[in-house]
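Student: Starting from the given sequences, assemble the full structure and let the hints guide the process.
The opening residue of the sequence shown carries number 1 in our numbering; numbering runs sequentially from there.
FYI, nobody ran anything at the bench for these hints, they're computed from the structure. Treat the hints with care, as some may be off.
[Stated by the list, open to error] Straight-line distance between alpha carbons at most 30 Å, and here's what the computed DSS-like set of lysine-lysine pairs gives:
hint, residue 1, residue 2
1, K230, K240
2, K279, K240
3, K240, K166
4, K279, K364
5, K240, K350
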Amino acid sequence: KKNVRLALTTLPNKTRCAQMCLQVFDSQLFGKICLNQVRILHGKKMDSLSICSSVSKSRICNIPKSKMKPGTMLTARLLVAAMGAMAAWDDSLSSDRVMQMNAERNAVTTSAATTGGLVTEQAVPAPVDSQYSPITKFVILTTARSGSTWLGSIFQAHPQMVFHVKECLADDSSLHNCAREWGVPSLLGEGSTVNDALDQLLPAVFQTPKNLTWKSHVGFKWMTTQRLLKDPDAFQTAVKFLKANDVKIVALRRENTLRKCVSLYDMDLRKNSSQPVHKLAEDSSTWGSERLSVPVDYYKWCLNWFDKNGHVLNEISQQIESVHVRYRDLCNPMTKQATLDRIHNYLHVKMPIQEVRSDMSFAKIHKGGQTMSELTSNWDQVREELLQTSHRDVILNYENDPECA
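Tutor: Following this line, the structure appears as structure tokens:
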């Protein structure tokens with residue numbers, strides 16, 4: 001608490017404030033993942049002020065209430081408040097806002113003086129309002145089993161991004177979960193459904209959460225099956241909205257539809273038995289090592305379905321400026337960071353986009369480098385029949401594709 005109070009009362013000296021802030025982060029209060037993020041930023045040779053401001057805004061540095069010791073809630077709140085005030089030195093903020101933040105700082109120090117040096121919760125200044133920091137809106141537009149959950153988790157861990165893990169437009173429950181998570185349920189209305197007009201739903205899900213108004217980027221995952229595939233009116237509405245509101249598109253593609261179909265079949269089996277459909281790094285089970293037997297009729301349906309979804313993805317990403325990302329480039333260690341750097345440059349986010357690995361990171365289910373014969377047990381029989389369909393070229397191009405090797 002002493003360090004935090006000192007940071008709050010020495011805001012005019014931003015270097016000293018940053019040093020005080022880093023002292024707090026260097027304690028055991030915020031956990032190993034948070035400290036690892038600090039070390040990464042130090043390695044990027046960022047100055048202390050930028051490191052402290054960025055890390056304090058990251059979700060990975062939030063302390064779960066259940067793990068807090070008595071008094072640490074106030075410490076964490078004051079620290080985030082201090083960083084909100086430090087944002088007044090951002091050149092993008094107006095001089096009026098700087099004056100407002102100074103007034104808030106004075107209110108805090110005055111309160112501290114009148115309470116014997118103890119800063120109370122009521123004295124915490126409000127976060128910087130989003131109107132002073134224009135928000136960049138973006139979506140991951142993609143098809144199923146293409147790595148969007150993994151990429152989304154990287155975005156979610158980024159200190160300057162707010163990213164919905166849930167697919168907001170998947171169903172009514174997801175829509176309202178997103179609204180509650182964002183703190184903007186009033187913008188939707190109690191009876192809103194995913195079938196309502198998109199030009200009413202999209203402004204709501206693109207709102208910055210009320211308690212995270214200093215974030216610079218807001219996004220969510222939009223699958224092509226959600227309204228876009230079967231509803232021509234929704235398709236046109238979506239294109240119109242995305243263009244009018246300068247929403248950036250991260251168009252994520254996985255070209256190997258054979259492996260996508262195997263992954264989708266595996267997901268369906270696990271859903272039916274109420275098992276997780278995404279694997280974490282801490283999972284030491286044999287999941288993904290067994291060869292699956294996928295029926296030929298499932299392939300026929302699946303390949304046709306992915307063709308339709310791919311057409312929707314291509315139509316939107318060709319009409320709107322997008323960054324085109326291939327799954328094989330993300331999952332290949334040799335090209336992953338270069339791909340994340342392209343997304344970073346396209347979204348114009350200040351801090352680099354990097355994956356911070358932990359036991360809770362997502363892991364690839366089926367190994368890269370496997371042929372379809374190695375991945376599935378009945379490929380020889382399936383192959384013969386599929387070669388007689390319109391998907392002959394897909395079979396020849398991808399049955400031995402190493403993809404992520």
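Student: Sort out whether K240 lies within 30 Å of K230, counting only the CA atoms.
Tutor: holds, 17 Å
Student: K279 and K240 were given as a pair; does the straight-line alpha-carbon distance stay at or below 30 Å?
Tutor: Outside the cut-off at roughly 36 Å; violated.
Student: Given the hinted pair K240 and K166, is their alpha-carbon gap at most 30 Å?
Tutor: Given pair K240, K166 holds - Cα atoms ~24 Å apart, limit 30 Å.
Student: CA of K240 to CA of K350, is that 30 Å or under?
Tutor: holds, 28 Å
Student: Just to be careful, I want the Cα atoms of K279 and K364 compared with a cutoff of 30 Å; is the pair within it?
Tutor: Cα-Cα ~7 Å, so holds.
Against the hints set out earlier in the document, a violation occurs for number 2 only.
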